[in-house]
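**Student:** Could you slot chains B and C onto chain A? The hints should help.
Chains as they are written, first to last, in the UniProt record's numbering: chain A, 1 to 298; chain B, 1 to 298; chain C, 1 to 298.
Keep in mind that the hints are not guaranteed to be accurate.
What the hints assert, rightly or not - Mimicking DSBU-like on lysine-lysine, the simulated pairs with C-alpha atoms at most 30 angstroms apart in a straight line are:
(1) Lys102/C x Lys267/C
(2) Lys111/B x Lys198/A
(3) Lys111/A x Lys198/C
(4) Lys127/B x Lys107/B
(5) Lys198/B x Lys267/C
(6) Lys198/B x Lys97/C
It is worth saying that the hints were derived from the structure and are not from the lab.
For clarity, every value in this text was computed on a predicted model and none was experimentally measured.
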Amino acid sequence: MDLLWKLLQIDSPSGDEGAMADWLVAEIGTNMPEVRVERIGDSVIAVRGKAPTVAVFAHIDTIGFTLGYDRQLIRIGGPAPKDGVKLRMAGGDAVGKLRVGKAGAWKLGGKTDAAPGTRWVYAAEPKQSGDEIVSPYLDNRAGVWAALQALTRCENVAVAFTTGEEHSGQGAYVCARRLYEGYAIYQALISDITWDTKHVHCGDGVAISLRDSMTPRQRYLDRILALAELSGVSYQREIESSGGSDGGYIQRSGCPIDWVFVGAPQKHPHTSAERVRISDLNAMADMLVSLVNGLHEL
Amino acid sequence: MDLLWKLLQIDSPSGDEGAMADWLVAEIGTNMPEVRVERIGDSVIAVRGKAPTVAVFAHIDTIGFTLGYDRQLIRIGGPAPKDGVKLRMAGGDAVGKLRVGKAGAWKLGGKTDAAPGTRWVYAAEPKQSGDEIVSPYLDNRAGVWAALQALTRCENVAVAFTTGEEHSGQGAYVCARRLYEGYAIYQALISDITWDTKHVHCGDGVAISLRDSMTPRQRYLDRILALAELSGVSYQREIESSGGSDGGYIQRSGCPIDWVFVGAPQKHPHTSAERVRISDLNAMADMLVSLVNGLHEL
Amino acid sequence: MDLLWKLLQIDSPSGDEGAMADWLVAEIGTNMPEVRVERIGDSVIAVRGKAPTVAVFAHIDTIGFTLGYDRQLIRIGGPAPKDGVKLRMAGGDAVGKLRVGKAGAWKLGGKTDAAPGTRWVYAAEPKQSGDEIVSPYLDNRAGVWAALQALTRCENVAVAFTTGEEHSGQGAYVCARRLYEGYAIYQALISDITWDTKHVHCGDGVAISLRDSMTPRQRYLDRILALAELSGVSYQREIESSGGSDGGYIQRSGCPIDWVFVGAPQKHPHTSAERVRISDLNAMADMLVSLVNGLHEL
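Chain A with its partners taken away, still in its complex shape (with noise of 0.2 angstroms):
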């Protein structure tokens, strides 16, 4: 889980993403040789074996706050803070805490004097307990470690870290354009981060999602569940009536690739205190490793 703590150490929220895409073209470059890796904006697409078939989508943005006028807090995507959370600037040092004022306007507090347009990101540093990890922007760092994994295990794989999707989804569109025009990809796996309900837990395997506010395309869908069963991991079969991914901007791309849900369960989403168990990220890894190996044989 060592990669897991670099990544979040690193600040991107949604349309500020740069350093996680300088973080992730290094490393590839650095660590894997036999990965191509195309840089499109601060989306990262990294290809790896001879044709892969597979494309993995992992966003590498987060929710967070730019500072407006007053020390307004104006939200990136959608943080559900706390009243009195500790927050700092984006790449930089400064820290407030948001404060929760009347009609739930956040502001922030604290002597800084940052300027208006700076972004600001929960400061809270990751935690371990046992099986379960305790940290903002385990959504979607925990997505990314789980791309990673895929990368590193595959022999055919390509990933698409992507840009943008806690906030407008601009990364899925480029990349999935990029990855349909350039390689002729039609089957798309999104590694992102899901929640612990009623019905899926923490702890009880990866969640595959058999739709959210959107619909798979369920002969698609059919052929992954089919070859989670073989696989022998542990994992949950999810449905909701919200919530979206990638898969959604996918969708909308106008390129024909399918896409299924594939992601580790969490308690607290969005807080500066997301909660997952590791075992649950093995499995998501391992889930990945196994779809994107079973998909390509096919």
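**Tutor:** Chains B and C alone, transformed into the frame defined by chain A:
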């Protein structure tokens, strides 16, 4: 209308259109040797003639329900069911009744032990009474029927049978792109079903929409209306402030394809008893043929 | 400002931009022999220089009204009319007054027997008073004017005159695609009009937006802000939580084109009496020229 009856026997809630795509590919392959067929996911493109310049878009998905946990029914698209309406498992035999519970939530009643994740559709059989057909899913089986009429009767035409219109528009984006890039098509007609209202009436002919929530390009619309006047086919001008169709997705596809909506009105949309007039459907097919031929010759 | 006055005489509510496209093609064809013009539907792309690397996007549509049944007025985009405001039929002579009825519904008053489906626009004539212009449709005639200034004053630049921004974004999707595929353009500036607020004031120069409902890519924004500082042109940094522009459509276009919004503030947006300062418009044109040249040389 035999073909329409056949179409009404096939289940294809958004996301699960495989059976419908199979049927179309087989039907066209067997009975229309002059038509080239291309399947993209579960969307189907059919092309007839040397260089058609007009495409008819007909969505092949329908509204429906996903069975969730605890017998909850989750909407696919925007169904408008009544308490007690009979449902059938898509592509299966199991039946049950929809129950409207507290706060308007829908549950599946009856004895079935169906698995969460299965898709459900209205079970009612189509009926004809004089000039009227009463059936679920006339939206958009009637539009598919009319598009097949255009494919049979026009020597130069493309038809896009699109997935996901009721839920997300997936197929229209993909088909717009393919028709623009592969066939240089700039002109589209949307073959779909609209509403019986105070100003547009069942039995008064096909409706041509001057706008809905979207505004089609006026110069293209003017050309369509001029051709409609010349056609001799019975039609009504529709002006709406809401509603949408594959036209909206085409408009956001990045492909410069003009579109206008052409469709028969119906009563009780998205219920298990949609009502359309056969005379309106015949006007719809006649108008599509007239417009395709007229636009192609311009 | 003669050119702006001419632009204000042409009607082009979203969907009905044909006359504006005609005018632009003729104007550029006659007076700018060094510019290549390409018309796509009613959007227009103008390209100057050997290999421009920056595109200015200026939307050519405006808000307005469709006449519905029973003299109802249906919104095109988001007009903010007052009861009694004078309207004119787009491209015609008929006039009438907008009446705000029960539940806020709009009706067309007056003696006209105009046909349902006709488009209507504010009838007020532009006025100048010192440094201030008062007119409907400064949004976005002023942005089109500034883009034409950039086309006249920059030796290497592309301009996209886009349709549908107020209503659906059709033209920005199409032009982004064409500029990316045909001209390998990755950098855009949005030439549009913004709001006079507590923090951004008419008369204090052009606004550069650090964000609105969308977040532009930070590294591109940083480059723009550095160039703006060097430009010597009077400008204001704007930070908003809502609002949007063609930038949002570019972001979802699947084309990796960065964008930043550059525009003069106005009072009373989307009314028949929008107010902008001429000094701000000159700053807007100067800033666009400075940024286009600066980005092109980077």
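**Student:** If a hint holds in the structure, say so; if it doesn't, say that too.
**Tutor:** Now the hints, each set against the structure:
1. Lys102/C x Lys267/C: Cα-Cα ~27 angstroms, so holds.
2. Lys111/B x Lys198/A: The hint holds at about 24 angstroms.
3. Lys111/A x Lys198/C: Roughly 24 angstroms between the alpha carbons, so the hint for lysine 111/A and lysine 198/C holds.
4. Lys127/B x Lys107/B: holds, 27 angstroms
5. Lys198/B x Lys267/C: Distance of about 40 angstroms is beyond 30 angstroms: violated.
6. Lys198/B x Lys97/C: holds, 25 angstroms
In terms of the numbered hints stated before, the structure departs from hint 5 and from no other.
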